[in-house]
Each structure stands twice: as structure tokens, then as C-alpha cells.
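Undergrad: The numbers in the working numbering rise by one with no breaks, and the one at position 4 of the sequence shown is 4.
Note that these hints are calculated values from the structure, not bench results.
There's no promise every hint is true.
[Said to hold, decoys possible] Dumping the calculated BS3-like pairs for lysine-lysine here, alpha-carbon to alpha-carbon at most 25 Å:
1) LYS201 - LYS144
2) LYS223 - LYS210
3) LYS202 - LYS223
4) LYS11 - LYS144
5) LYS205 - LYS223
6) LYS210 - LYS144
7) LYS11 - LYS68
8) LYS223 - LYS201
9) LYS202 - LYS144
10) LYS202 - LYS68
11) LYS68 - LYS57
12) LYS144 - LYS18
13) LYS57 - LYS144
14) LYS101 - LYS144
15) LYS144 - LYS205
16) LYS68 - LYS201
[As the list claims (entries may be wrong)] Now the in silico label distances, taken between C-beta atoms and shown as ranges:
17) ARG141 - ARG56: 39 to 47 Å
18) TRP181 - GLU139: 39 to 47 Å
19) THR227 - ALA146: 44 to 52 Å
20) ARG56 - LEU105: 23 to 31 Å
21) PRO206 - PRO55: 46 to 54 Å
22) ASP204 - VAL107: 39 to 47 Å
23) SER14 - SER142: 41 to 49 Å
24) ASN197 - PRO55: 41 to 49 Å
Source: prediction; values computed, not measured.
Built from N, CA and C at the ideal position, the CB exists for glycine as well.
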Amino acid sequence: MRALVVEDEPKVASFIAKELQSHAFAVDVATNGVDGEQLARTHAYDVILLDWMVPRKSGLEVCRSLRKDMPHVPILMLTALDGVEDQVSSLQAGADDYLAKPFDLSVLMARIQALLRRVRGSRESGSHLVCGDLTLDHEARSVKRAGQEIRLTAREYSLLRFLLMRKGRVTTRMEILEQVWDTLFDTETNVVDVYINMIRKKVDKPFGEKLIHTVTGMGYIMKDPGT
Numbered sequence: 001m002r003a004l005v006v007e008d009e010p011k012v013a014s015f016i017a018k019e020l021q022s023h024a025f026a027v028d029v030a031t032n033g034v035d036g037e038q039l040a041r042t043h044a045y046d047v048i049l050l051d052w053m054v055p056r057k058s059g060l061e062v063c064r065s066l067r068k069d070m071p072h073v074p075i076l077m078l079t080a081l082d083g084v085e086d087q088v089s090s091l092q093a094g095a096d097d098y099l100a101k102p103f104d105l106s107v108l109m110a111r112i113q114a115l116l117r118r119v120r121g122s123r124e125s126g127s128h129l130v131c132g133d134l135t136l137d138h139e140a141r142s143v144k145r146a147g148q149e150i151r152l153t154a155r156e157y158s159l160l161r162f163l164l165m166r167k168g169r170v171t172t173r174m175e176i177l178e179q180v181w182d183t184l185f186d187t188e189t190n191v192v193d194v195y196i197n198m199i200r201k202k203v204d205k206p207f208g209e210k211l212i213h214t215v216t217g218m219g220y221i222m223k224d225p226g227t
């Protein structure tokens, strides 16, 4: 599990990061909104903790921007502003939950776990995933592009679904290995690249427009055409 903490108060950021790490999260910290948004768009996070009052770009602005492209990543807004209007503004900007400072760490972790359960349940129950003219119906185990059925092996299907569930976010090779293969590999293995190439030949090449993109030195991202 990986979390992003966008918080400009060093003590608060360290406090939160240590608590998350004690619950087996890998944690990245940004001290301003611009860097936070850049990290969020570069890495695949399971949850983002976003302070409203960070410098350079407010947490509210970052939340609005991220939500347009990342509808599924859970965002928990943290702020000293605890009025009803502030809560409404936060949720309308796309935050999944809102926690006013000061807060107890046990409450913070309970909110995070609730968000993760909600997202996990949504992903497991939501059977229809879309990217451009590509659709995946998980209940029917069916994949189509431009109305044409695409036949995939079980592993290819699992890899494609994993990328679709993270549409708009960079997914590293190690994350793919951990989630799609669910086992440990030599870090030098090229099995991910081999399978990416295989599904590209079926999903992208016949249709002339790429949906699966390589991010050099990092991994892969699946995104709608023109984004």
C-alpha cells in the first residue's frame, strides 16, 4: 500500500507518515500543492492525504485537478477549517472524506481504512471499465474495442483489468508483478514487458490509436486518447 501526504507543516507530516508506516504503508511527502500534484500524477497511490492550506497551490485546487483525471483514487482532506461550508467545499471539489485538525491518529487511520474498503468494494463490484473505445465487462469476462471482441488469456485479462483500474496513473512494473502475478520475482525479470507487448498487439495495434503508454524508467499508464 502506498500513500501520499501533502502537508507543509513538517511535524504534522512526520507524525502522519510514521503512523501510516506503522500500518505497512510506503509514504511519500510533499510540502506544497504543486509538488503534491506532480507526485500524484507520477505514482500510483492507494490513498492521498491532502491539506487544504498548503502553499503554491491549495489542496482544494489540487483535489479538483486530480479528480478530473483520477476518479477512483481516494482523497482525504485535512484542514484546520471545520465549518460546514468548508466541509461542503471540500467534498464538492472531489474529496472522499474530510477530517478537521487537530485529530487523533486512531481516527485518521479509521477514516483511511474505511476509504480503502469503499474503493476496494467498488472495484470488486464495478464490472464495467472503460478507456476510450475499449470496454471491459468483468462479470461477462468480456473485452471489446470499437465494438470488436478481443480474446485474451487469463493473465492478459488480469493485466489489462489492473491497468484499467488505474487509468490515468502510472503503474510500476513491481506493482504489476505484486498485484497481477501475486508473487515475488527477480527485479530484473522482463515478464511484465513481455505481457504488455502481447496485450498491445491485441488491444492497440489493430486499432491504430494507443491506449497503453510507456513512461520511461517508471512503468506504464493507460489513458484516454487525447489526454
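Undergrad: Give a verdict on every hint.
TA: Against the structure, the hints:
no.	hint	verdict
1	LYS201 - LYS144	holds, 14 Å
2	LYS223 - LYS210	holds, 9 Å
3	LYS202 - LYS223	holds, 17 Å
4	LYS11 - LYS144	violated, 50 Å
5	LYS205 - LYS223	holds, 15 Å
6	LYS210 - LYS144	holds, 15 Å
7	LYS11 - LYS68	violated, 31 Å
8	LYS223 - LYS201	holds, 17 Å
9	LYS202 - LYS144	holds, 10 Å
10	LYS202 - LYS68	violated, 28 Å
11	LYS68 - LYS57	holds, 16 Å
12	LYS144 - LYS18	violated, 44 Å
13	LYS57 - LYS144	violated, 40 Å
14	LYS101 - LYS144	violated, 47 Å
15	LYS144 - LYS205	holds, 14 Å
16	LYS68 - LYS201	violated, 29 Å
17	ARG141 - ARG56: 39 to 47 Å	holds, 45 Å
18	TRP181 - GLU139: 39 to 47 Å	violated, 23 Å
19	THR227 - ALA146: 44 to 52 Å	violated, 18 Å
20	ARG56 - LEU105: 23 to 31 Å	holds, 27 Å
21	PRO206 - PRO55: 46 to 54 Å	holds, 48 Å
22	ASP204 - VAL107: 39 to 47 Å	holds, 45 Å
23	SER14 - SER142: 41 to 49 Å	holds, 48 Å
24	ASN197 - PRO55: 41 to 49 Å	holds, 43 Å
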